[in-house]
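Given the coordinates of chain A, assemble chains B, C and D onto it according to the supplied hints.
Residue numbers (the UniProt record's numbering), protein chains in the order written: chain A, 1 to 440; chain B, 1 to 440; chain C, 1 to 440; chain D, 1 to 440.
Hints in this document: simulated from the structure, not taken from any laboratory. Do not rely on the hints blindly, as some may be mistaken.
[To be verified] Straight-line Cα separation of at most 25 Å, DSS-like style, residue types lysine-lysine; simulated pairs:
1. Lys243(D) - Lys420(C)
2. Lys427(D) - Lys243(C)
3. Lys427(A) - Lys243(B)
4. Lys420(B) - Lys243(A)
5. Lys328(C) - Lys207(A)
6. Lys103(A) - Lys211(A)
7. Lys328(C) - Lys25(A)
8. Lys328(B) - Lys2(D)
9. Lys2(C) - Lys328(A)
10. Lys103(A) - Lys243(B)
11. Lys328(D) - Lys328(B)
12. Lys2(D) - Lys211(B)
13. Lys328(D) - Lys25(B)
14. Lys160(A) - Lys160(D)
15. Lys103(C) - Lys243(D)
Number of protein chains: 4
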Amino acid sequence: MKTVKLVVIGAGSSYTPELIEGVIKNHAQLPVSHIALVDVEMGKEKMNIIFQLTQRMLAKAGLAIDVTQTLERKTALQDADFVVTQLRVGGIDARIVDEKLPKSYGFIGQETNGAGGMFKALRTIPVIIDIANEMHDICPNAWLINFTNPASMVTEAVLKYSRNRRVIGLCNGPINMTHQVAALLNASIDDLYVEFQGANHMNFITKILHKGEDRTREVIALINAADVDTLSFKNVSNEQFNKELLAATHLIPSSYLKYYLKTTEMLAEQAAAELSRGEVVKNIEAALFKKYSDVSLEEKPKELEARGGALYSTAALNVIRAIYLDDKSIQTVNVRNDGAITNLPTDAVVEVNCVLTRNGPMPICTGEIPSPAKGIVAMMKDYEAQIVKAAATGDYQALIAGFIFNPLCSSDNAGVALVKDMLRANKKYLPLFANTIATL
Amino acid sequence: MKTVKLVVIGAGSSYTPELIEGVIKNHAQLPVSHIALVDVEMGKEKMNIIFQLTQRMLAKAGLAIDVTQTLERKTALQDADFVVTQLRVGGIDARIVDEKLPKSYGFIGQETNGAGGMFKALRTIPVIIDIANEMHDICPNAWLINFTNPASMVTEAVLKYSRNRRVIGLCNGPINMTHQVAALLNASIDDLYVEFQGANHMNFITKILHKGEDRTREVIALINAADVDTLSFKNVSNEQFNKELLAATHLIPSSYLKYYLKTTEMLAEQAAAELSRGEVVKNIEAALFKKYSDVSLEEKPKELEARGGALYSTAALNVIRAIYLDDKSIQTVNVRNDGAITNLPTDAVVEVNCVLTRNGPMPICTGEIPSPAKGIVAMMKDYEAQIVKAAATGDYQALIAGFIFNPLCSSDNAGVALVKDMLRANKKYLPLFANTIATL
Amino acid sequence: MKTVKLVVIGAGSSYTPELIEGVIKNHAQLPVSHIALVDVEMGKEKMNIIFQLTQRMLAKAGLAIDVTQTLERKTALQDADFVVTQLRVGGIDARIVDEKLPKSYGFIGQETNGAGGMFKALRTIPVIIDIANEMHDICPNAWLINFTNPASMVTEAVLKYSRNRRVIGLCNGPINMTHQVAALLNASIDDLYVEFQGANHMNFITKILHKGEDRTREVIALINAADVDTLSFKNVSNEQFNKELLAATHLIPSSYLKYYLKTTEMLAEQAAAELSRGEVVKNIEAALFKKYSDVSLEEKPKELEARGGALYSTAALNVIRAIYLDDKSIQTVNVRNDGAITNLPTDAVVEVNCVLTRNGPMPICTGEIPSPAKGIVAMMKDYEAQIVKAAATGDYQALIAGFIFNPLCSSDNAGVALVKDMLRANKKYLPLFANTIATL
Amino acid sequence: MKTVKLVVIGAGSSYTPELIEGVIKNHAQLPVSHIALVDVEMGKEKMNIIFQLTQRMLAKAGLAIDVTQTLERKTALQDADFVVTQLRVGGIDARIVDEKLPKSYGFIGQETNGAGGMFKALRTIPVIIDIANEMHDICPNAWLINFTNPASMVTEAVLKYSRNRRVIGLCNGPINMTHQVAALLNASIDDLYVEFQGANHMNFITKILHKGEDRTREVIALINAADVDTLSFKNVSNEQFNKELLAATHLIPSSYLKYYLKTTEMLAEQAAAELSRGEVVKNIEAALFKKYSDVSLEEKPKELEARGGALYSTAALNVIRAIYLDDKSIQTVNVRNDGAITNLPTDAVVEVNCVLTRNGPMPICTGEIPSPAKGIVAMMKDYEAQIVKAAATGDYQALIAGFIFNPLCSSDNAGVALVKDMLRANKKYLPLFANTIATL
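Just chain A, with the same shape it has in the complex (with noise of 0.2 Å):
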């Protein structure tokens, strides 16, 4: 049974432990042998404290998988066999610029939505890229699993702009989503099949299959039967959908669609909120990180889940052991189209259900998307397809001919006005740009 090599990418992340608890379990299956974390500079010192309690965390499990860490990727990436990215392009204080400035112009500030959204994306398109290539000379076989948002947005770039195409783009939306359907229904996962269309938090549960019976309707009207948002994301809001919407579409959008059809109650959360996300995550995290840090603690704590990232280890590792195993499953990930959604192009990266083998993951057909969903997923598509190619090759007329039609943009002068400040303060991450930057 061939052992398998996991690099972490990003291995400062908080949520790493959630990820090397997924591996003790599943190690039945996947004979994982060793963990290589990897950083930068800036992430040196978490990383290591990461790396102390994944050795306490093996310990404890009785499992004798090395563990590495290191800042030089290329070497952790030899005789890879999966790649894991969870990095974050500056940091915490990156974000909170992603929220922050665009608040100040009126605008949702969101980490993957928006003009917030937009500048994670410029950050982190060029370094993912990077990592692919070096993937693709290093270790050729190995899958890059991507976690670092926005997901469908790196995905892309990696298909477009690299000469790697072993990436699968992954959120751990989906899998809440599902799992919350099935408590809704008191039924088991295994006995549902959930349609998922659109791209990554610009999709939608567009079919419910319960042991081959379609319980779509019947799950809407126990969500408007509540009264609080039963399939929500925690870090939206739990703002319920308006009812007579979820009724009349037959639709379940992601929460992250909130943005877009309930902008003015976002808006108003966002501006009644003393700290922006950004903020409280940086406070969990210190205090994660002190808790990390205590040598006596030798399993993931109880409070990361107040960080958000439910499911996060579950659904990376159901992809790695599905590959590994080749087990046929299907799993909702973000992958090139290629006709799975019949009104997008064939080269946009769409999250939909794939049966996922050893030769990666092979996406379902499922046809157009309903109306009215099928609108606003072709608009963000095109949207995103601008955006991927301003951050992959520092266009900045396609940053702006994006941002500017986003319909999170609600004033042009806004906009541009918005894009230039956002420009200045991730001059340092923005390389590609650097000639822009000098010019404003």
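Just chains B, C and D, lined up with the frame of chain A:
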């Protein structure tokens, strides 16, 4: 030389004298022998004023054209060659509701976009479908030239839900933009080819050729060099599009795109305006009809220009004359897509350049719409398909689904509440929604 | 554990013992509790022989499975879980006509291609549509597994012209080609992923992955290194495809492509054959049924192999078991395209890899078919759409239009004459064409 | 009024006097001031005869047009406005090989279809690509009007593999079919709209409108009422299409479809012919040039008609005049598809109706090609894409792949052998295949 019978439905419109002037000017090439004015009870008085003015105008021009007025539409349709619809279901008062109710929710209130445009579609489409079906039975070779907004949706409704295929949706937007481009370049219209892509009030100039040379970027530079919007429709706003946006996209959006790209600015203008556009128009119209009633008036009065609708008559007569003469001129009209824009459904109605023949308008292939226009147009056509369905069939779910996903609806809850208010306010013009309204 | 009722329509087929053997072998995983044999008057006697043999086989296997036989199809369909259709309208004698009449015109005479296949479609489709509709009413959750050729056309007819969507077209071609590839590579089937694109009897292996590695070109080299066709169906021909052709295209065509790519050679083989394949089969069947009648026979006799249909039972049981167990195995079946092959209509039936679930087969996206397969498959699917229409509606014009453009029809005049002869010869099986035939 | 320089490449063609006659007839509207005749060494003598005849023709017409002759193509291209290519690489002798070698294999031997047409493409395409690139550099605003067959493939090659986009492929087929339809209906060409769909020599009349009325079926009835093919090209065959076929499809195929729909009949005609068409033409041409040399000849001789090419000059001048005058006439030419036929790739070259403007031909949307034409055209365009690739890049695999799947290749083995023989026979005209030929 075959003579032409022209039927004008909604003849009590203040625009009719402009149309009559067009008939007079084109008479040498287009031998109109009968103008049949048609209106409903509500417009009877205005129609009579128009009827008498028309007789005076024709007398002054020395043309022996029969003019009739009637409330019996089917009688008027006998032997018709061209039928121009310029009716307004509910009159100006309905328009004022379209503008003021959405405004009360903090939304754009406008007669062709957002909630207002949607309800104009709901009121108008069943009436135009009836006319189209009557024409199919009574004068099957006649062409329906529809001016009533929202023109793309109305035309799409006729093509999808009536038995009649001989319909053309017409707007004076493209011809005005073309004239404005000609003025900027100090060029003759005959030397220009201006490519439009999109749908009515949702379109873009994507290419400007002057004597075969591409001068698109030069025109954009000229637009940006000015201090006011030089390619504007007076009834929208004089606010300029952001100059960097135009420079980045190489696209010239229709003024109506301001509602989407400058929502904040348009909401501010709307808030600042004492009277809605409908209220302004109502005053203008009162003055106009007073003028029209003056028996010494024998031609279109200067004051009509303040009403808007520049080149309305030119646009209408260009199309009618082209079909009559089979003159192969290229004009921008609303027709079934059929591949003209490759990334839109074949059965969507688009506003594109067509060659005009005795067999009607034939769309010219333009390929894909360039990004970032691609995304918003795809989105809006998906929205329009739903509203067309709602209007033609009374489908409340399609109405809710469509409107909430319209980018001008910034809150699902407010949107649903507004739709219900609008339904109630338009009750007498929405027979297909009678049951729905009864249960609200 | 829910038990399974299996209905076999056309149970008097000589293949049935193979299916029974499959049921026996799979019983641990697939608890069949009732096998309902159904046939028509013409097959009554054969069905009875099969019925008794089935009982002996099950007794020998020690399985307490109910076996029934009936001519009352609707009765048999009560509570069905899976319905396998392997009927042959008109029996072997109709097949012999399919082979001999075209041959008399110098055309290919074959039961699934050209004029023969077309008339098999005309005879079969109305019957299968009736079965599909009865299932929809009587056992709406049951799956129709259709083995009757031409499988793509029959499946497309059910999907386009019946009320039933739960249909899968099945052919033993892909499973045999996959086994042959495994043999060439000396590999385990489980380590292979063989991608098929196209339609039934008009498909191509476009990719062969072995343990994740692309070995397509190696397999082609192995095929070309042999002196006989190593990827052949016995019932077609042993003639090899031209070796340069395989090397140039990197595609492995199904043996049935020989009718199109080696027409001259196939016509020569046909001319040289004393007996048509149908006549050979008739003799084999007579001997088989004699054997089946032997009360000492308690298992599938060796002689059945000469009949063709290798792995027929495996293919059928793989599909049934996968749906029953929701096992997510990947199998190559005939389904609605829905984007699986992006250059074919979404409503065409294609033979592609699907993941098999309790919700039926879900096609895996494959993108475009590579040229030069792209052209011929597009052509044949257009042809099939017309024949399906002709078969389901009795449209003579679609029949003529379709056949004359089929590349196996080398003369329009001869083609029309042949169609008329075939119509007359099949008169009693073509009620929808009764009026047409009366006027020939 | 700007004067026009016309360059004729392949000026030694016997067709040139027809073109000159067209220039003379159109001079009032199209002020040609310079005709530059160009040919290669091999055609020098013939060009000189044409040069002198041209001077006599212009003198007789009283037109002061400069006429020059040269072997220096680049010199001639200076200041060109229109460049007509009517060259024949390898001359009539190469054509005779195109006809006779395939015939020796039992295949259709024809200069634009099957193996012959394919090798004509291989010889021609690199030369036309060179011309297109030279034009791009020397006279970038000039239009290339290509008459050299196979016209769709040559045009597609220029659009895909040269830097020049200003190319129009022209064939006299559509204009002749249109005239023949007019004759059948006893109608004026000006009152007709004849819709063509397909590619060059692979197209269909799909609709005939006369004064706005659809008379397609009436024309088909008139064709079927005759005893000979009334819509034929003399150089193909007088054999009629099967009458039931035309009635069933409501399509009128180009005569060249006989090679596909009446292969047997065409092979029989070919077998019966003592001389190939190329040999006949060679004799006609010898006689023609003798005639042309007669210094008393001052106009196009009657005998040229036997050469074929009816309306060649009309077709060419119609296009040139339309572009010069921006006259918006509708003509059927070979252009990039771009959605004109929705079921074909956007980058395929199709022969469709275009509106002719100073900006070149703009294709008119026609939707899908109706079945059964849909299938064969899709197939042939896939074939053509491969041959274009082979011709432009020397790709032997594309050549083999393309030809074997062409329906005119009835045996893969014979097809491969024929391709090799043809390569050897055309060695000196196929520099891109030099290495391939060396290893055959």
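Which numbered hints fail: 6
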